[in-house]
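Visitor: Line by line, the protein sequences give chains Z and C.
Here the numbering used here is used: the first residue of the first sequence is 122, the next is one more, and so on.
Here the numbering used here is used: the first residue of the second sequence is 320, the next is one more, and so on.
Check each hint, because a few of them may be wrong.
[Stated by the list, open to error] Here are the simulated lysine-lysine pairs, DSS-like style, with alpha carbons at most 25 Å apart: (1) C/369 to C/406; (2) Z/303 to C/479; (3) Z/174 to C/757; (4) C/712 to C/691; (5) Z/155 to C/757; (6) Z/155 to C/482; (7) Z/155 to C/715; (8) C/686 to Z/244; (9) C/322 to C/738; (10) C/331 to C/422; (11) C/322 to Z/244; (12) C/738 to Z/174; (13) C/335 to C/571; (14) C/738 to C/757; (15) C/738 to C/686; (16) C/482 to C/335; (17) Z/244 to C/757; (18) C/712 to Z/303; (19) C/491 to C/335; (20) Z/244 to C/335; (21) C/491 to Z/298; (22) C/640 to Z/174; (23) Z/287 to Z/298; (24) Z/303 to C/480; (25) Z/244 to C/369; (26) C/422 to C/691; (27) Z/298 to C/757; (28) Z/298 to C/715; (29) C/322 to Z/298.
[Unchecked claim] With beta-carbon atoms standing in for the labels, derived distance ranges: (30) C/409 to Z/169: 35 to 41 Å; (31) Z/175 to C/562: 56 to 62 Å; (32) Z/303 to C/527: 29 to 35 Å; (33) C/491 to Z/123: 52 to 58 Å; (34) C/571 to Z/169: 38 to 44 Å; (35) Z/303 to C/634: 48 to 54 Å; (36) Z/183 to C/409: 55 to 61 Å; (37) C/758 to Z/225: 53 to 59 Å; (38) Z/288 to C/399: 55 to 61 Å; (39) Z/166 to C/776: 50 to 56 Å; (40) Z/169 to C/364: 32 to 38 Å.
Bear in mind the hints are in silico, worked out from the structure with no lab data behind them.
The C-beta atom is built at its ideal place from N, Cα and C for all residues, glycine as well.
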Amino acid sequence: MDRFETYTGVVGTLDRANVDTDQIIPKQFLKSIKRTGFGESLFFDWRYNEVGKPDQDFELNAPAFAGASVLVTRNNFGCGSSREHAVWAIAQYGFRTVIAPWAQRGDVRVPAFADIFRNNCVKNGVLTIELSSAEVDEIFSAVNASPGLKATVNLEAQTIALESGKSFSFEVDPGVKETLLKGLDDIAQTLEHESDISAFEATHNTQLG
Amino acid sequence: MSKTLFEKIWEKHVVKELSDGTALLYIDRHLVHEVTSPQAFEGLRMTGRKVRRQNLTFATMDHNVPTDDRSVIRDPISRAQVEALSKNCADFGVTLYDLDSDKQGIVHTIGPELGITLPGLTMVCGDSHTSTHGAFGTLAFGIGTSEVEHVLATQTLRQKKPKTYKVEYTGKLQPHVFSKDMILKLIGLIGTAGGTGYVLEYCGEAIRSLSMEARMTVCNMSIEGGARAGMIAPDDITFDYVSAEDRPFAPKGEAFEKAVEYWRTLPGDDGAKFDATITIDASEIAPQVTWGTSPGMVTDVTATVPEPGSVPGYSAGDVEKALEYMGLTPGTPLTDVSVDTVFIGSCTNGRIEDLRRAAKIFEGRKKADSVKLLVVPGSEAVRRQAEAEGLDKVFKGAGAEWRFAGCSMCLGMNPDQLKPQERSASTSNRNFEGRQGKGGRTHLVSPEMAAAAAIEGHFVDIRQWSNG
Ligand code: SF4
Numbered sequence: 122m123d124r125f126e127t128y129t130g131v132v133g134t135l136d137r138a139n140v141d142t143d144q145i146i147p148k149q150f151l152k153s154i155k156r157t158g159f160g161e162s163l164f165f166d167w168r169y170n171e172v173g174k175p176d177q178d179f180e181l182n183a184p185a186f187a188g189a190s191v192l193v194t195r196n197n198f199g200c201g202s203s204r205e206h207a208v209w210a211i212a213q214y215g216f217r218t219v220i221a222p223w224a225q226r227g228d229v230r231v232p233a234f235a236d237i238f239r240n241n242c243v244k245n246g247v248l249t250i251e252l253s254s255a256e257v258d259e260i261f262s263a264v265n266a267s268p269g270l271k272a273t274v275n276l277e278a279q280t281i282a283l284e285s286g287k288s289f290s291f292e293v294d295p296g297v298k299e300t301l302l303k304g305l306d307d308i309a310q311t312l313e314h315e316s317d318i319s320a321f322e323a324t325h326n327t328q329l330g
Numbered sequence: 320m321s322k323t324l325f326e327k328i329w330e331k332h333v334v335k336e337l338s339d340g341t342a343l344l345y346i347d348r349h350l351v352h353e354v355t356s357p358q359a360f361e362g363l364r365m366t367g368r369k370v371r372r373q374n375l376t377f378a379t380m381d382h383n384v385p386t387d388d389r390s391v392i393r394d395p396i397s398r399a400q401v402e403a404l405s406k407n408c409a410d411f412g413v414t415l416y417d418l419d420s421d422k423q424g425i426v427h428t429i430g431p432e433l434g435i436t437l438p439g440l441t442m443v444c445g446d447s448h449t450s451t452h453g454a455f456g457t458l459a460f461g462i463g464t465s466e467v468e469h470v471l472a473t474q475t476l477r478q479k480k481p482k483t484y485k486v487e488y489t490g491k492l493q494p495h496v497f498s499k500d501m502i503l504k505l506i507g508l509i510g511t512a513g514g515t516g517y518v519l520e521y522c523g524e525a526i527r528s529l530s531m532e533a534r535m536t537v538c539n540m541s542i543e544g545g546a547r548a549g550m551i552a553p554d555d556i557t558f559d560y561v562s563a564e565d566r567p568f569a570p571k572g573e574a575f576e577k578a579v580e581y582w583r584t585l586p587g588d589d590g591a592k593f594d595a596t597i598t599i600d601a602s603e604i605a606p607q608v609t610w611g612t613s614p615g616m617v618t619d620v621t622a623t624v625p626e627p628g629s630v631p632g633y634s635a636g637d638v639e640k641a642l643e644y645m646g647l648t649p650g651t652p653l654t655d656v657s658v659d660t661v662f663i664g665s666c667t668n669g670r671i672e673d674l675r676r677a678a679k680i681f682e683g684r685k686k687a688d689s690v691k692l693l694v695v696p697g698s699e700a701v702r703r704q705a706e707a708e709g710l711d712k713v714f715k716g717a718g719a720e721w722r723f724a725g726c727s728m729c730l731g732m733n734p735d736q737l738k739p740q741e742r743s744a745s746t747s748n749r750n751f752e753g754r755q756g757k758g759g760r761t762h763l764v765s766p767e768m769a770a771a772a773a774i775e776g777h778f779v780d781i782r783q784w785s786n787g
């Protein structure tokens with residue numbers, strides 16, 4: 122996996138909540154046995170019209186968002202299925218960072234991203250950033266005011282700075298940060314604990330759990 | 320210290336606490352299907368790695384398979400995916416229940432049937448509805464393809480410990496109200512992200528009196544509430560299910576007795592603490608019907624299509640978009656909404672008990688002429704059982720198409736799909752835009768509600784309908 126280095130890119134917006142993985146990549150594209158070629162199918166049902174041409178009404182098709190590499194969206198992004206194809210599509214389209222707000226529902230703080238989706242992002246070098254709704258609103262307004270606006274994402278410093286001047290800091294899990302910054306291979310890392318796994322297996326009964 | 324069911328299982332499976340705050344968790348069972356595994360096997364090939372524990376890994380094909388004529392998969396891409404799984408299982412020494420096997424079926428239906436799913440285990444699959452297996456008091460959750468590869472290679476996963484959420488259902492369900500309604504009700508209350516980061520533990524009188532199959536329906540849809548896993552403490556109902564004949568992988572005889580002794584220690588201790596709690600009075604739950612494009616957009620069958628701005632957890636804009644997609648007008652009674660297609664099946668409600676309950680409704684009745692009715696057993700074993708009981712005749716007599724096992728219309732990856740703007744009553748678990756076919760409009764309901772909708776051509780309150 123490539124290291125996650127500080128970069129500057131166009132911010133694309135998708136002003137919808139609860140975007141599910143069926144929307145991110147519809148099921149007909151899950152039949153591939155390859156790991157590539159998903160970028161063109163990202164948001165397929167929204168992005169293309171009946172005759173397969175880009176639908177001008179779809180936000181991300183706006184010319185100002187061409188080449189966008191930072192996606193800003195709403196709460197509960199990536200809910201639904203476990204399909205990693207959703208993250209492959211996002212990454213292969215060119216997004217390296219996805220920003221969404223956490224939400225409050227009663228006493229519960231509702232995370233911005235669905236669990237499995239967020240995990241899948243880490244495995245593919247995509248950074249997910251949770252901000253407050255107010256902060257995400259600010260980014261939306263800044264982009265609306267000047268479409269094509271760029272942002273600089275600095276994972277080391279845990280900041281995202283808009284070209285227009287405003288910057289935000291974000292929290293990130295230390296393990297996730299290290300994995301992304303170093304571009305670590307998960308399996309190789311785990312296999313460093315091979316002897317622990319073998320020792321565990323020697324006494325663990327997999328019929329009893 | 321008092322521990323929850325989840326904590327007991329988690330602790331027993333931690334190989335090592337890692338420096339990054341995650342735990343290396345041992346995985347007792349790994350289920351594999353054709354859609355989320357090819358890239359994982361490819362990864363193993365590229366790195367020269369093997370499947371670490373072939374005997375803990377089981378594969379089947381379900382998503383892509385046609386459910387009418389199984390002799391040929393016409394879609395070449397689907398066929399390639401199914402063939403890739405066969406080759407991968409042969410190359411890597413993984414047990415596969417393919418289309419020629421009498422054990423084939425939806426991965427979450429066959430795991431419990433074959434005794435692969437047992438209390439106290441950790442279990443994963445590259446599929447979010449792996450939460451189903453939590454009904455046995457199993458820590459079971461869905462993973463992505465990179466994680467599938469990780470488990471194949473290491474039999475472990477690096478996981479951050481989730482938080483715990485106690486979901487208690489007090490009281491008794493009304494007649495004709497299903498476990499499906501219990502879980503839809505919960506999702507309506509906490510929202511589709513309300514359980515994110517948590518493992519749900521279902522308890523209370525109404526849960527304890529559910530059969531294993533009904534418990535699986537509840538746990539199945541934990542993911543629709545945002546939770547990767549949902550669990551129910553094992554009890555005598557669980558042990559009876561596990562000890563049934565025809566569960567080749569379940570312990571037998573003395574080994575079974577020993578296992579039960581251990582399994583009895585699994586339920587959470589009195590006074591165990593949860594990070595969040597919700598209590599629902601089961602006796603007040605009405606049959607549920609979803610009206611929107613997210614499982615959280617759900618209400619009582621006695622209600623009307625809501626006004627934008629009146630739905631907790633959804634903005635007016637979200638509701639407007641959903642209603643536009645669904646072709647519904649606020650204020651319309653749900654019982655006035657007519658359906659074109661009824662689908663009974665999926666890993667949520669495609670087990671024998673679901674089919675029995677649906678068949679009871681159909682007995683001596685016919686579907687409305689305008690409705691297309693599809694009944695798809697969750698596994699080949701369910702199909703055989705249903706046929707032995709004559710349920711297939713009831714369904715066919717009512718005008719249904721009776722099929723072979725598979726995911727079918729739960730998601731349109733195979734030939735069973737809705738056409739644009741077609742409206743379905745479906746016993747599956749997701750009503751996302753396009754889930755059952757591009758432009759299709761899905762309403763999630765219980766098997767009895769689906770059956771009654773097929774007969775009447777529109778939704779009915781099954782409580783009154785079946786009394787009258
Ligand atoms: S029946 Fe539906 S939800 Fe269940 S595994 Fe198949 S596609 Fe997924």
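Visitor: Each hint needs a verdict: does it hold in this structure or not?
Guide: Cross-check of the supplied hints:
At roughly 14 Å between alpha-carbon atoms, residue 369 of chain C and residue 406 of chain C fall within 25 Å of each other, so this suggested pair holds. The suggested pairing of residue 303 of chain Z with residue 479 of chain C holds, with an alpha-carbon distance near 20 Å, which does not exceed 25 Å. Proximity of residue 174 of chain Z to residue 757 of chain C is assessed by CA-CA distance (about 16 Å); at most 25 Å being required, the pair is judged to hold. Taken as a hint, the residue 712 of chain C and residue 691 of chain C pair is honoured in the structure, with Cα atoms around 17 Å apart against an allowance of 25 Å.
Simply put, residue 155 of chain Z and residue 757 of chain C have alpha-carbon atoms about 23 Å apart, close enough for the 25 Å limit, and the pair holds. For the given pair, residue 155 of chain Z sits about 35 Å from residue 482 of chain C by alpha-carbon distance, which is inconsistent with the 25 Å threshold. Distance restraint check for residue 155 of chain Z and residue 715 of chain C: the Cα-Cα separation of roughly 40 Å exceeds the 25 Å cut-off, and the hinted pair is therefore not satisfied. The straight-line distance between the Cα atoms of residue 686 of chain C and residue 244 of chain Z is roughly 48 Å, outside the 25 Å bound, and the hint therefore fails.
Between residue 322 of chain C and residue 738 of chain C, the direct Cα distance comes to roughly 49 Å. Violation of the 25 Å bound is thereby established for this hinted pair. For the proposed pair residue 331 of chain C and residue 422 of chain C, the alpha carbon gap of about 31 Å is over 25 Å, so the pair is violated. Proposed proximity of residue 322 of chain C and residue 244 of chain Z is contradicted: the alpha carbons are some 32 Å apart, above 25 Å. A C-alpha spacing of about 20 Å is found between residue 738 of chain C and residue 174 of chain Z, which places the hinted pair at or below 25 Å, so the restraint holds.
Proposed proximity of residue 335 of chain C and residue 571 of chain C is contradicted: the alpha carbons are some 31 Å apart, above 25 Å. Restraint check: the Cα-Cα separation between residue 738 of chain C and residue 757 of chain C comes to about 7 Å, which is no more than 25 Å; the hinted pair holds. The suggested pairing of residue 738 of chain C with residue 686 of chain C holds, with an alpha-carbon distance near 20 Å, which does not exceed 25 Å. At roughly 19 Å between alpha-carbon atoms, residue 482 of chain C and residue 335 of chain C fall within 25 Å of each other, so this suggested pair holds.
A distance of roughly 30 Å separates the Cα atoms of residue 244 of chain Z and residue 757 of chain C; the hinted pair therefore is violated under the 25 Å criterion. At most 25 Å may separate the alpha-carbon atoms for a hinted pair to count; residue 712 of chain C and residue 303 of chain Z exceed this at roughly 61 Å. Restraint check for residue 491 of chain C and residue 335 of chain C: not satisfied, since their Cα atoms lie roughly 43 Å apart, outside the 25 Å limit. For the hint pairing residue 244 of chain Z with residue 335 of chain C, the CA-to-CA distance comes to about 21 Å; that is within 25 Å, so the pair holds.
Between residue 491 of chain C and residue 298 of chain Z, the direct Cα distance comes to roughly 48 Å. Violation of the 25 Å bound is thereby established for this hinted pair. For the given pair, residue 640 of chain C sits about 22 Å from residue 174 of chain Z by alpha-carbon distance, which is consistent with the 25 Å threshold. This hinted pair checks out: residue 287 of chain Z and residue 298 of chain Z have alpha carbons roughly 23 Å apart, not beyond 25 Å. A hinted pair counts as satisfied when its Cα atoms are at most 25 Å apart, and residue 303 of chain Z with residue 480 of chain C qualifies at roughly 23 Å.
Between residue 244 of chain Z and residue 369 of chain C, the direct Cα distance comes to roughly 20 Å. Compliance with the 25 Å bound is thereby established for this hinted pair. About 28 Å separates the Cα atoms of residue 422 of chain C and residue 691 of chain C, which puts this hinted pair outside 25 Å; it is violated. For the proposed pair residue 298 of chain Z and residue 757 of chain C, the alpha carbon gap of about 38 Å is over 25 Å, so the pair is violated. Restraint check: the Cα-Cα separation between residue 298 of chain Z and residue 715 of chain C comes to about 57 Å, which exceeds 25 Å; the hinted pair is violated.
The suggested pairing of residue 322 of chain C with residue 298 of chain Z is violated, with an alpha-carbon distance near 31 Å, which exceeds 25 Å. Separation of residue 409 of chain C from residue 169 of chain Z is about 38 Å and conforms to the stated range, judged on CB atoms against 35 to 41 Å. Checked against the hint of 56 to 62 Å, the C-beta distance between residue 175 of chain Z and residue 562 of chain C comes to roughly 58 Å, which is consistent with it. At roughly 49 Å, the beta-carbon separation of residue 303 of chain Z and residue 527 of chain C lies outside the given 29 to 35 Å, and the hint is violated.
One distance hint, 52 to 58 Å for the beta-carbon pair residue 491 of chain C and residue 123 of chain Z, holds here, with the actual separation near 56 Å. Checked against the hint of 38 to 44 Å, the pair residue 571 of chain C and residue 169 of chain Z fails, with Cβ atoms roughly 55 Å apart. At about 39 Å, the beta-carbon gap between residue 303 of chain Z and residue 634 of chain C misses the expected band of 48 to 54 Å. The supplied range of 55 to 61 Å is broken by residue 183 of chain Z and residue 409 of chain C, whose beta-carbon atoms lie about 49 Å from each other.
For the pair residue 758 of chain C and residue 225 of chain Z, the supplied restraint of 53 to 59 Å is violated, since their beta-carbon distance comes to about 34 Å. Our hint of 55 to 61 Å for residue 288 of chain Z and residue 399 of chain C is violated, since their Cβ atoms are close to 48 Å apart. Between residue 166 of chain Z and residue 776 of chain C the beta carbon distance is about 28 Å. The supplied range of 50 to 56 Å is therefore violated. Separated by about 34 Å at the C-beta atoms, residue 169 of chain Z and residue 364 of chain C satisfy the suggested range of 32 to 38 Å.
Of the numbered hints listed earlier, those contradicted by the structure are 6, 7, 8, 9, 10, 11, 13, 17, 18, 19, 21, 26, 27, 28, 29, 32, 34, 35, 36, 37, 38 and 39.
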